[in-house]
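Position chain B against the provided structure of chain A, taking the given hints into account.
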Amino acid sequence: MVSGRSWWQCRYSDGRVLSEWDTMTTKILLPINSGSTSRWETVPKDHMVGLRLLCPNGRAGEVAAPEGHKFLQLKVGWMDVGLGGQGGRACAAHIIGVVRDISGHCYCWAWDTGKGKLIEFYDNIYNMQYQHIGRLSLEVQGIKI
Amino acid sequence: MEANHGTLGAPIWVVVGPTAAHEVRWSDDATQKNIASAAWPPEIRPAATAIVSYTYAYWGDATGDGFLSNSGAINCPAFSKDNYFWARFNWDNTGTFASAPIFTAYLSSAHAAITRQNPDGGLLQGSADTKPGASAFSYLKGNAWGRVDSLGAPGAGPANAPVVTDGTVGSVSPAAGANWLVNFQSLMGDLDYITAPFTPAATAANTWSLEYALFTGPNMLPALYLVVMTLKYTWT
Chain A
1 MVSGRSWWQC
11 RYSDGRVLSE
21 WDTMTTKILL
31 PINSGSTSRW
41 ETVPKDHMVG
51 LRLLCPNGRA
61 GEVAAPEGHK
71 FLQLKVGWMD
81 VGLGGQGGRA
91 CAAHIIGVVR
101 DISGHCYCWA
111 WDTGKGKLIE
121 FYDNIYNMQY
131 QHIGRLSLEV
141 QGIKI
Chain B
1 MEANHGTLGA
11 PIWVVVGPTA
21 AHEVRWSDDA
31 TQKNIASAAW
41 PPEIRPAATA
51 IVSYTYAYWG
61 DATGDGFLSN
71 SGAINCPAFS
81 KDNYFWARFN
91 WDNTGTFASA
101 PIFTAYLSSA
111 HAAITRQNPD
121 GGLLQGSADT
131 KPGASAFSYL
141 KGNAWGRVDS
151 LGAPGAGPAN
161 APVVTDGTVG
171 SVSPAAGANW
181 LVNFQSLMGD
191 LDYITAPFTP
201 AATAANTWSL
211 EYALFTGPNM
221 LPALYLVVMT
231 LKYTWT
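In order, the protein sequence lines correspond to chains A and B.
Numbered by this note's numbering, the letters in the first sequence go through residues 1 to 145 in order.
Numbered by this note's numbering, the letters in the second sequence go through residues 1 to 236 in order.
The shape of chain B in the complex, shown without the other chains:
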């Protein structure tokens, strides 16, 4: 996966995984550039649900800056759905997909099954904060573009900004073509996820545009969360 730490007009894509020591971090502070992971500041659990505004791309333990931060020249801007060059999955031309790839998140690289709201308040398991109806959703939300970028990358963001209760049980897909999901999807392992509306062409390098946002709330369990965002895919 690559993240844009340049600007919307001049994206600069930096690898945030799966390479070792490359990762995505969140903070409620806009100035967390080049901070060692051991010194990453905690966030106080808020009294009301809120988005965790600042997303950072790290390509070394103490080397990184904010998404859309003009290579760190400015403080990390707050999340905006209109930053349509946000992140993207990328792949080379050495393999062939056998089905449509899936965008989701797991508690760890063990990819164990997730139980909704168990424990209550887990980042991916959800809580009353993320429960608009019968089902609690993940605090982590995702959106994805309806085609590979070589057929036309996004020129605008999704219709709706993410909200803490966003989610649909099971799989959702953006309409094939120049479309985002209208609403963001909960990223919760094999329970809630996004399936691409396409199987990428064989032996062809390409990218798939994404947005994602993290929320928190008064019912979130205080913890050090070390989850993974995942492209689940098949190949021949």
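Bound-form chain A, shown alone:
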């Protein structure tokens, strides 16, 4: 992808497909990395049955569920303040997943920006071990269990 970054793309039971670049807060809705944050929290979750992670190396991860409100999507990163060193911001990973049971276990894919690699893992939304993220906000994710 020309943007050099990963993007999410979800699909619905009626065949509709919604891509992350359609939800950017900037006016140019193309996958060209010109922009601002997307609005996952406002994306309709009813009847969502699949979520993909489109990666800059051409690979993709996908999760699926028979009903909506089971999917998660987020990025994790750092904001650094230099103590004599170099400050800055960076994205560590872009994560998608699907909740598998009422205990919060989830199946996930992540694009690791540092390694330039798509990885697959299992975790739990109540205490995500990946990148030490901790508990996800279910309200933000629109997850219903």
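Don't read these hints as lab results, they were simulated from the structure.
Hints are not guaranteed to be accurate.
Claimed, not checked - Listed next, the stretches of chain A that the computed footprint assigns to chain B, with coverage defined by at least 3 CB atoms under 8 angstroms from CB atoms of chain B: (1) 38 to 51; (2) 57 to 69; (3) 74 to 82; (4) 123 to 133.
Claimed, not checked - In silico negatives: residues of chain B with every beta carbon more than 10 angstroms from chain A: (5) Val16; (6) Gly17; (7) Pro18; (8) Asp29; (9) Thr31; (10) Pro46; (11) Ala100; (12) Lys131; (13) Ala134; (14) Thr165; (15) Thr195; (16) Ala202; (17) Thr236.
The beta carbon of each residue, even a glycine, is placed where N, CA and C say it ideally should be.
Leaving out everything else, chain B in the frame of chain A:
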């Protein structure tokens, strides 16, 4: 992150990062205002553990003054836990957090994993100086407020002043609400850190109050330390 270089009664917040050339520096001298980084004075390793008393906010290579220094009108005051308007993370209204943010520190902006006490005496890795029990902690300690400041900023400092052996393995969180951590936490990458007891509200600008303090001691490795203090966070 913003630091208060005004006073406790009239804070003046100045950005100390992540903007280029903005940073936090420490010294054992109270008069290091507007000093170019190349001329920053070294500190002699002490015979006993001690806090590095003077913390400076810099927003240019040779432009900066002490925290709580009344915009540089007075020499940098020594660290006090009672300076509750010390520093704060700030964010705008353009994004949405997906989980509670984390306050920690890394050896560099590469955010490599840290091994406790390896090398022995590293600023974040710790040493016998920072080892109250089985685990050595970072020489850099942090504390954080239990809610975003729009719900009520601090009106007093934490209960306990930081000490060189402060630390808890893993994550600690202040009790949600008008609370600091009772004791300061070691800031050591993904090993020891502070997790906010809240996920900030979506698309809302806010701030999160912090204090931090640096210690040194006879077992600290002499070096030029160029570490980073970090807000680790998620967004949608």
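Now the hints, each set against the structure:
1. For the region 38 to 51 of chain A, the stated coverage by chain B holds: 4 residues have a C-beta nearer than 8 angstroms to a C-beta of that chain, and at least 3 were required.
2. Beta-carbon proximity to chain B at under 8 angstroms applies to 0 residues in the region 57 to 69 of chain A; the threshold of 3 is not reached and the given coverage is violated.
3. Evaluation of the coverage hint for the region 74 to 82 of chain A: fulfilled, as 9 residues show C-beta separations to chain B shorter than 8 angstroms, against a requirement of three.
4. Residues of the region 123 to 133 of chain A lying with their CB closer than 8 angstroms to a CB of chain B number 4, which satisfies the three-residue condition for coverage.
5. For valine 16/B, the condition that its CB be more than 10 angstroms from all CB atoms of chain A is violated, with the nearest at approximately 6 angstroms.
6. The beta carbon of glycine 17/B sits about 3 angstroms from the closest Cβ of chain A, which is not more than 10 angstroms, so the claim that it is off the interface is violated.
7. At roughly 4 angstroms from the closest C-beta of chain A, the C-beta of proline 18/B falls inside 10 angstroms, breaking its exclusion from the interface.
8. Look at aspartate 29/B: its CB is around 16 angstroms from the nearest CB on chain A, clear of 10 angstroms, so calling it non-interface holds up.
9. Consistency note on threonine 31/B: stated as away from chain A, and its beta-carbon is indeed over 10 angstroms from all of that chain's, at 19 angstroms minimum.
10. For proline 46/B, the shortest C-beta to C-beta distance to chain A comes to about 19 angstroms, beyond the 10 angstroms cut-off, and the non-interface label holds.
11. With a least CB separation of 6 angstroms from chain A, alanine 100/B falls inside the 10 angstroms interface cut-off, contrary to its annotation.
12. Residue placement check: lysine 131/B keeps its beta carbon more than 10 angstroms from all beta carbons of chain A (closest about 22 angstroms).
13. Residue-level check passed: alanine 134/B sits 21 angstroms from the nearest beta carbon of chain A, beyond 10 angstroms.
14. The beta carbon of threonine 165/B is kept farther than 10 angstroms from every beta carbon of chain A, the shortest such distance being approximately 21 angstroms.
15. The beta carbon of threonine 195/B sits about 6 angstroms from the closest Cβ of chain A, which is not more than 10 angstroms, so the claim that it is off the interface is violated.
16. For alanine 202/B, the condition that its CB be more than 10 angstroms from all CB atoms of chain A is violated, with the nearest at approximately 6 angstroms.
17. Look at threonine 236/B: its CB is around 4 angstroms from the nearest CB on chain A, not clear of 10 angstroms, so calling it non-interface is violated.
Taken one by one, the earlier hints fail for this structure at numbers 2, 5, 6, 7, 11, 15, 16, 17, listed in ascending order.
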